[in-house]
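*Asks:* Sequence lines, in order, name chains A and B.
In case it helps, our numbering puts the first sequence at residues 1 to 430.
In case it helps, our numbering puts the second sequence at residues 431 to 656.
Just so you know, these hints were derived from the structure itself, not from any lab.
One or more hints might be untrue.
[As the list claims (entries may be wrong)] SDA-like cross-link-like pairs, simulated, lysine to any residue; straight-line CA separation at most 25 Å: (1) B/572 - A/282; (2) B/572 - B/532; (3) B/507 - A/338.
[As the list claims (entries may be wrong)] Derived DEER-like restraints, expressed as beta-carbon distance ranges: (4) A/394 - B/499: 52 to 58 Å; (5) B/501 - A/15: 23 to 29 Å; (6) B/548 - A/318: 30 to 36 Å; (7) A/259 - B/551: 43 to 49 Å; (8) B/624 - A/311: 52 to 58 Å; (9) B/620 - A/18: 53 to 59 Å; (10) B/577 - A/412: 36 to 42 Å.
[To be verified] Quick look at which bits of chain B chain A covers, simulated, 3 or more residues with Cβ under 8 Å: (11) 520 to 531; (12) 538 to 547; (13) 603 to 617.
On a predicted model such as this, the values are computed, not experimentally measured, just so you know.
For glycine and all other residues, C-beta sits at the position ideal for the given N, C-alpha and C.
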Amino acid sequence: MRAPDLLASAVQNSFRSKLRTGLTVVAIFIGAFTLTITSAIGAGISSYIDSQLGAIGAEGVLNVTAAPEAQGATDSGPAPYDPEKATAGGLPGGAPGFGELLGDADIDAISAVAGIDRVEPSRMVAADFIGTPDGDRFEVSLNPFSAATNPDLAAGSALSTDARHEILLPSDYVEPLGFADAADAVGAEVVLGASNALGEQETLTATVAGVQNTTLLDLGAGVNTHLIDALNEIQSSGRTTAAPSGYVGAIAHFDPALGDDELDRIKDELAADGFQAMTTEDQIGAFQTVISGIIGVLNAFAVIALVAAGFGIVNTLLMSVQERTREIGLMKAMGMGSGKVFGLFSLEAVFIGFLGSALGAGVAIGAGTLISNALADTVLSGLPGLRIMLFEPSSIAVVVLVVMLIAFIAGTLPARRAAVQNPIDALRYE
Amino acid sequence: MGTPVLEAHDIHKTYGHGAGAFNALKGVSLAVHEGESVAIVGKSGSGKSTLMHILALLDAPDAGSLAVKGSDPARLKGRDINRLRNEDFGFVFQQFFLVPNATVLDNVVMPLKIAGVGSAERTRRGMEALRALELEDKARNKATDLSGGQKQRVVIARALVNNPRVLFADEPTGNLDSATGEVVEDILFQLNREHGITLIIVTHDHELASRCDRQLHLRDGLEVAA
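Construct the complete structure from the given sequences, taking the supplied hints into account.
*Replies:* In C-alpha cells:
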C-alpha cells in the first residue's frame with residue numbers, strides 16, 4: 001500500500017464512526033485549546049516584559065555596581081570603617097539602598113578590563129519637581145541608568161549624548177503637564193527643580209526628547225548625561241566639606257557581537273575586581289523565571305488534559321479495531337503486511353490528534369485574540385502595549401505536533417493489536 | 431503435466447493444547463495443477479476449511495510439507511508470502527467481508543490498493559472486473575445496498591481484479607438462494623474454462639462439487655473415498 005493511499009484510508013476510516021471520532025476530537029480539542037492559550041499567555045507576557053524591560057536594556061551594555069559585601073559570614077564580624085569610602089555625591093547620608101559606591105579609581109579599573117570599550121559612570125541625581133514653565137509642578141523620580149536603556153517609546157526619540165538637557169517623559173506625565181498627547185509633548189520644554197546641599201532650590205530647563213510608555217517597573221524619567229551632570233553640579237554646590245564623591249554604578253559598553261563566553265570572561269574579571277556586572281538580560285532573568293514557572297504549571301495542566309484525551313484515543317481505536325477485525329483479516333489475507341496495518345491504525349490516531357489539535361489551536365487563536373483585544377482596551381488599558389496573549393506560529397506548530405505525538409503513542413496499543421491479528425482468526429471472528 | 435501449482439504432502443494441523451486439543455488435519459496430501467478445478471468436500475468440522483487456509487498460506491501446518499509452484503513457502507519471507515497471496519491468489523469467502531460504507535468500486539480495488547497500484551490504474555482495472563461481472567452500473571453504490579447475489583459477484587470481482595492464478599472459494603454459494611447460487615457457480619467455472627484460473631472450492635454441496643474436475647472428500651481430518 002502506498003503512503004498516500006494509507007493516509008487517505010486512515011482519514012476515511014476515522015470518519016466511519018463520526019460520533020465516536022467526534023467525541024474523541026472534542027477531548028483533544030479541550031487539551032489543545034488550553035495548551036495553545038496558556039502558551040500564548042506565556043508568550044504575550046514574555047514579549048511584554050521584553051518590550052518593557054528587556055528592550056530598555058540596550059545591546060552591548062553591562063550595568064556595573066560594587067559587589068555586595070559578603071553577608072552572613074559569621075566569623076568576619078562587622079566591616080571595619082573606611083573614611084575614604086565614597087558616598088553618594090551631594091545626597092545627605094549617602095544613597096540608601098544602593099550599597100557601596102564606585103569611585104574614580106573603580107571606573108578606571110572597569111575601563112581597564114579587556115573587551116570594554118567605554119564606561120559611563122552613573123550618578124544618583126534627584127529632582128524636586130517637574131513642570132512646564134508656567135504650569136503645575138509634580139514630583140518626579142529620575143532614572144540614572146537611562147543611558148543603558150533602549151526605551152519603549154510612545155513618541156519622539158531616545159536620549160542623545162548632545163550637549164543639551166534632554167528628558168524622556170513617562171507617558172502618565174503627558175496629561176498633567178498640559179500636553180494634548182505624547183507627540184505634542186515631544187520637543188517641548190519642561191522645568192526641573194533641584195536643591196543644593198544647603199537646601200536652596202535652582203531650576204533647569206530640559207527638552208522632552210520622547211515619551212516613554214508606562215512600564216511594569218516605575219523607573220522614572222530618563223535623563224541624558226548632560227542633564228545628569230548639570231543636576232549633579234547643583235546638588236554638590238554649597239558643600240562645606242569635600243566628601244569623596246562617588247557613583248551609584250557605571251554603564252560599561254562592550255561590542256554586542258561578542259559571544260557568551262567572552263561576555264562571561266568580562267563578568268568574571270569584573271567580579272574578581274569586586275564589581276557586579278549584569279546585562280539587562282541577567283536583571284530580567286529572575287523576573288522571566290517566575291513568569292515561565294507559572295506558565296509551566298499552566299502548561300502542565302493542559303498536558304494532563306491531553307494525556308487524558310490520549311486514553312480517549314486508545315479507547316476509540318480499540319473499539320475500532322474490534323469492529324473491523326474481519327476487515328483487518330481480509331486485508332491481511334489479501335497480502336497486506338502487519339507493518340502497513342500498524343501504520344493504518346497509527347495514522348488514524350495521528351489524524352484524530354491532528355484534527356483535535358488543529359481545531360483547538362484555531363479556535364484558541366480566534367477566541368484568544370478577541371479576549372486579548374477586549375482586555376487590552378478595558379482592564380489592561382493602564383499597561384499600553386500589553387497583549388495578554390501572543391500567538392506565535394512556531395509555538396502553535398509545537399502544540400499541534402506534541403498532540404499528534406501523544407496521539408501516535410496512544411494509537412500504538414490498538415494499532416499493535418490490529419497488526420498482530422492472525423487473518424484466519426480474524427475472518428472466523430463472530 | 432508439469433509442476434503442480436500447489437502441492438501438499440501429509441499435512442497435520444492441531445488446534446489447542448492438551449486435553450482440549452483438536453486434530454483438524456491428520457495427514458492429508460493433495461496436488462493441484464494449473465487450470466484444474468478441485469473441490470474439497472466434507473461436513474462441518476471435517477477440516478476442509480483448515481486445508482484451504484493452509485493451501486492459501488493463511489495458516490501454517492504443524493507437520494507435512496507444502497510447495498507453491500515447486501518452492502517451499504516455509505522458506506519464504508513474510509513479505510514474499512504477502513506478495514504471493516496478493517498477486518497470485520484470489521479469495522471468495524462464504525461471508526462477503528465487504529467494507530460496509532465504502533463504494534462497490536473501492537471494495538473491488540482493495541487488493542490493488544494493497545499492492546500499491548496507482549489510483550487511475552486501480553479504477554481502470556476495477557471497472558474492468560466489474561464489467562466482467564455485469565456490475566458496472568453499481569460501481570458508485572455503497573456495498574451494503576446490494577442484494578446477496580450482487581454482493582457475491584462484487585466479492586468475485588474483488589478476487590479477480592489482480593488477475594490471480596488460483597481462486598480459493600470457501601462455500602461461495604452458502605449464503606445464496608439456489609438460483610443466484612447457480613449464477614455464481616457458472617461465473618466461477620467460466621473463469622476456470624476461459625481464463626485457465628485454477629479453482630479450489632471448499633463446499634459441503636455435492637452438486638457444486640460434482641461440477642469440479644476432481645473432488646477431495648474429507649472426514650475427521652482424513653481423506654476418504656466418496
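*Asks:* Failing hints, ascending?
*Replies:* Hints 1, 5, 7, 9 and 13 contradicted; others consistent.
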